[in-house]
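Undergrad: Below are the chains, spelled out letter by letter.
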Amino acid sequence: MHACSLSEEAAISVIRRLLGSRAVAALTSPHSVDHYLEYLHPMLTVALVRARVVEVIRDTAQASTVVLRPNGAWDGFAAGQHVQFGVEVDGTRRIRCFSVSSSAARADGTFSVSVKAHPDGYVSQFVHRDLRPGTIVRLSQAGGEFVLPARVPDDLLLLSGGSGITPLMSMLRTLRDTGHRGRVTFLHYARSRADEMFTAELDQLAGAEFAHLHRVYTREPGRGGELTGRFTPEHLERLGVDPAATLGYVCGPAGLIATVRDTYERLGAGAMLRTEHFKVPAVDTDAADATGALTFDESDVVVDNDGGTILRQAEAAGLRPDFGCRMGVCNTCAVKKNHGAVRHVISGDVSANTDETIKICVNVPVGDVSMAL
Amino acid sequence: MFGKRKPAPIEPLSASSHDEAPKPLVGADAEKRSPIGLDYMSYEQLEEFGNELDTVRRRVLDDLGQTDADYIRRVIKVQRAFEVLGRIGLFFPFFWPVFVAGIALLALAKILENMEIGHNVMHGQYDWMNDPMVDGKRYEWDIVAPAQDWKHGHNYVHHTYTNIHGMDRDIGYNLFRIDKDQPWYPSHRFNLPLAFGLMLVFEWGVMYHGVELDEYLAGRLPKDEFQARKKRALRKIGRQLLKDYLLFPALTLPLVPFTSWWVPLAVLGGNAIANVIRNIWAFNVIFCGHFPADVETFAKEDAENETRGQWYLRQLLGSANISGSRLFHLLTGNLSHQIEHHLFPDIPARRYPEVARDVRRLVEKYGLQYNTGRLSKQLLSVARQLATLAVRPDDPYQRGNSPESKALRRARRERQAA
Chain Z
1 MHACSLSEEA
11 AISVIRRLLG
21 SRAVAALTSP
31 HSVDHYLEYL
41 HPMLTVALVR
51 ARVVEVIRDT
61 AQASTVVLRP
71 NGAWDGFAAG
81 QHVQFGVEVD
91 GTRRIRCFSV
101 SSSAARADGT
111 FSVSVKAHPD
121 GYVSQFVHRD
131 LRPGTIVRLS
141 QAGGEFVLPA
151 RVPDDLLLLS
161 GGSGITPLMS
171 MLRTLRDTGH
181 RGRVTFLHYA
191 RSRADEMFTA
201 ELDQLAGAEF
211 AHLHRVYTRE
221 PGRGGELTGR
231 FTPEHLERLG
241 VDPAATLGYV
251 CGPAGLIATV
261 RDTYERLGAG
271 AMLRTEHFKV
281 PAVDTDAADA
291 TGALTFDESD
301 VVVDNDGGTI
311 LRQAEAAGLR
321 PDFGCRMGVC
331 NTCAVKKNHG
341 AVRHVISGDV
351 SANTDETIKI
361 CVNVPVGDVS
371 MAL
Chain A
374 MFGKRKPAPI
384 EPLSASSHDE
394 APKPLVGADA
404 EKRSPIGLDY
414 MSYEQLEEFG
424 NELDTVRRRV
434 LDDLGQTDAD
444 YIRRVIKVQR
454 AFEVLGRIGL
464 FFPFFWPVFV
474 AGIALLALAK
484 ILENMEIGHN
494 VMHGQYDWMN
504 DPMVDGKRYE
514 WDIVAPAQDW
524 KHGHNYVHHT
534 YTNIHGMDRD
544 IGYNLFRIDK
554 DQPWYPSHRF
564 NLPLAFGLML
574 VFEWGVMYHG
584 VELDEYLAGR
594 LPKDEFQARK
604 KRALRKIGRQ
614 LLKDYLLFPA
624 LTLPLVPFTS
634 WWVPLAVLGG
644 NAIANVIRNI
654 WAFNVIFCGH
664 FPADVETFAK
674 EDAENETRGQ
684 WYLRQLLGSA
694 NISGSRLFHL
704 LTGNLSHQIE
714 HHLFPDIPAR
724 RYPEVARDVR
734 RLVEKYGLQY
744 NTGRLSKQLL
754 SVARQLATLA
764 VRPDDPYQRG
774 NSPESKALRR
784 ARRERQAA
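If you read the sequences in order, they're chains Z and A. Take the first sequence: its position 149, counting from 1, is numbered 149 in this note's numbering, and each next residue is one higher. Numbering-wise, this note's numbering comes out as the position in the second sequence, counting from 1, plus 373.
Read the hints as simulated data drawn from the structure, not as lab findings. Be aware that a few hints might be false.
From the structure, some residues in chain Z lie toward chain A, with a derived Cβ separation under 7 Å [to be verified]:
#, residue
1, Ala26
2, Leu27
3, Ser29
4, Pro30
5, Tyr36
6, Asp90
7, Gly91
8, Thr92
9, Phe210
10, Arg261
DSSO-like, lysine-lysine: derived pairs with alpha carbons at most 27 Å apart [stated by the list, open to error]:
#, chain 1, residue 1, chain 2, residue 2
11, A, Lys750, A, Lys553
12, Z, Lys336, A, Lys603
13, A, Lys738, A, Lys750
14, A, Lys596, Z, Lys336
15, A, Lys405, A, Lys673
16, Z, Lys336, A, Lys604
17, A, Lys616, A, Lys604
18, A, Lys603, A, Lys616
Just so it is clear, the structure is predicted and the values come from calculations on it, not from any experiment. The beta carbon of each residue, even a glycine, is placed where N, CA and C say it ideally should be.
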């Protein structure tokens, strides 16, 4: 809130707390107070996070950055977190999960998300092509565990590929704005300079003291720095990064993450690595697992396991489970699994515990599974 | 406020998700075909009839978009405005024109909320919008009946097994004899006065119906399920009573020193009147939906193994419309288009007039009956039904407590046991 004085801000926060109180909820029951307020103005909500689009910046031919001014329901974010981003198109709200790309230390009340238009991503395409300043978007609170620790160590590795750069860009900017003193190695792989997001800002940061920036253009071997080609363990060696002593953050395509994880694990430093995936394979490639029956207990529906995620199979069976990001981060779709084994499509972990809660958007059944759906 | 709340279990057959034909009643003899509709058309025609209605359904669903979203939001906006203004008007009992206007606005707000918004949203008519505010799974309405149990009894049981004796608990609500195929019991002598009483307390009737005490006592509902229903109902009742009869009256306590001691009581009374007006209106509209004369009911044996076309036909023959102006349709939540609503419960109600044109075309094509009329005509028909069927029938087989009926039931039980 730019023009608000401190007392005004305090008053607004008191009103906000009052409107969100149980007493007011008892008066508006069975609805919430937001069921009334949003019809006064969509930004006036107490619990529902809404934001107005301030600016849409086209970073590359495929990627845009959206600057947002959230309403007072927004609790803020930590660098590396993501939000569920909802736009309404022809009466239907479409939701996708995007990483925050701006600095967590920004003080003007805005933040931004950066989005690469995915060929079959409805929302990302819409954001890139049609989103206009002034539009009101529906958000969730920021979420995700892919964040810096409370006490930031001196040495950090921020490694990204393609649009996986967004959460790491938020970290880099935050470290810059909070005056980080240490050695941050920022290693980014893009197909080409034209495909790279945040190019101008990264160029500016090239001489920064707190960070060493290394950008590798995998399809333009001559243009980047000393490194060429896709990520290999030698790249870390060449940059003098010791995985055992450097907390690493990696975000990008599954192949990149897997290679980096292998590198860390081979050196016994698996605990030093934090990862975040961007795309989720919808169908498990290991077709040998696509056996057995998937049972939705509460709906009394049984289907043959087709190897897809439980969420997809539930939808195909006519059920309408809650879902959010559809990529295993937001936890909206979490449902109790009564019994059976499931495999996490990202980590590959198989878990067979009875009565555990799983995210159905990233788990495929392994044999017979029964869900409390 | 928007914390973790366990969503109502998903009903695979609920009207809000029956893209597939509802699970038909399967008889002991799987070869036997359902005779429903054979008076009007052949099996081939029934199939074609079903396909034509499926096409209509598909066409409307494909066409849903911004105008439908804008419509329901506009209705909600008006409803919220009426409610807030009504509540404010109720704070002025010492100035009666404002007070009366307050009661009227609050009653209107409750009518809109229950009928055009609540009932229709909970059918899943706006689920395609993916907006949590109008999500059929999450919506809770301003009435003492909890949404979850109402949705089970209404969306699933009533809308799937419409007008099948012994399956649709909405035929006379286990209270009235509204169809001549229902056995007569002495309590039915009071059909009319009972209906009048229910009219005044209708929301409590809806709540009681959803608790399903009768099903529990008959051993058809497990005890834990019954207890859960009771608990949900009590919690909802508590919230509704607290709001209408305690908190809002209490808000006028600061006015007492400047006005009069009875002001909070007047607010309480105003709330009660608004609730009763809503009860009377909802009761009248809903009783016209299935209870006028000439609405057909069906035997369970006949509905067994019915096809999609027969399911559609049963909905059409088992429902009755009310004609009226656009405002009238809005205030009935478009339940005045009961026939279209029963054919397509999950299509946004504002589309029913458009759908009605197709339905009427099919009605003419197949020589079917399309039961419609003004509110007064339909109400009179219902009242006449209630009065006529209250009289003790001479035929002992129409009386539930006659030795002949008892012998028949005993014989059926023994046959089933064997």
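Undergrad: Now look at each hint and say whether the structure bears it out.
TA: Hints, one by one, checked against the model:
1. Ala26: At about 6 Å, which falls below the 7 Å cut-off, the nearest Cβ of chain A leaves the hint on Ala26/Z intact, so it holds.
2. Leu27: 6 Å, holds
3. Ser29: Constraint on Ser29/Z satisfied, holds at 5 Å.
4. Pro30: Hint holds; Pro30/Z Cβ to chain A Cβ min 4 Å, cut 7 Å.
5. Tyr36: Holds - the Cβ of Tyr36/Z comes within 7 Å of chain A, reaching about 5 Å at its closest.
6. Asp90: Nearest chain A Cβ about 4 Å off; hint holds.
7. Gly91: 3 Å, holds
8. Thr92: Status holds, d = 6 Å.
9. Phe210: 40 Å, violated
10. Arg261: The hint is violated - Arg261/Z has no Cβ within 7 Å of chain A, the shortest such distance being about 32 Å.
11. Lys750/A / Lys553/A: This hinted pair holds, its Cα atoms lying about 20 Å apart.
12. Lys336/Z / Lys603/A: 25 Å, holds
13. Lys738/A / Lys750/A: 26 Å, holds
14. Lys596/A / Lys336/Z: Between Lys596/A and Lys336/Z the Cα gap is close to 24 Å, so the pair holds against 27 Å.
15. Lys405/A / Lys673/A: Given that 27 Å is the threshold and the Cα spacing comes to 13 Å, the pair holds.
16. Lys336/Z / Lys604/A: OK: Lys336/Z and Lys604/A at ~23 Å, within 27 Å.
17. Lys616/A / Lys604/A: Roughly 19 Å separates the two Cα atoms, so the pair holds.
18. Lys603/A / Lys616/A: 20 Å, holds
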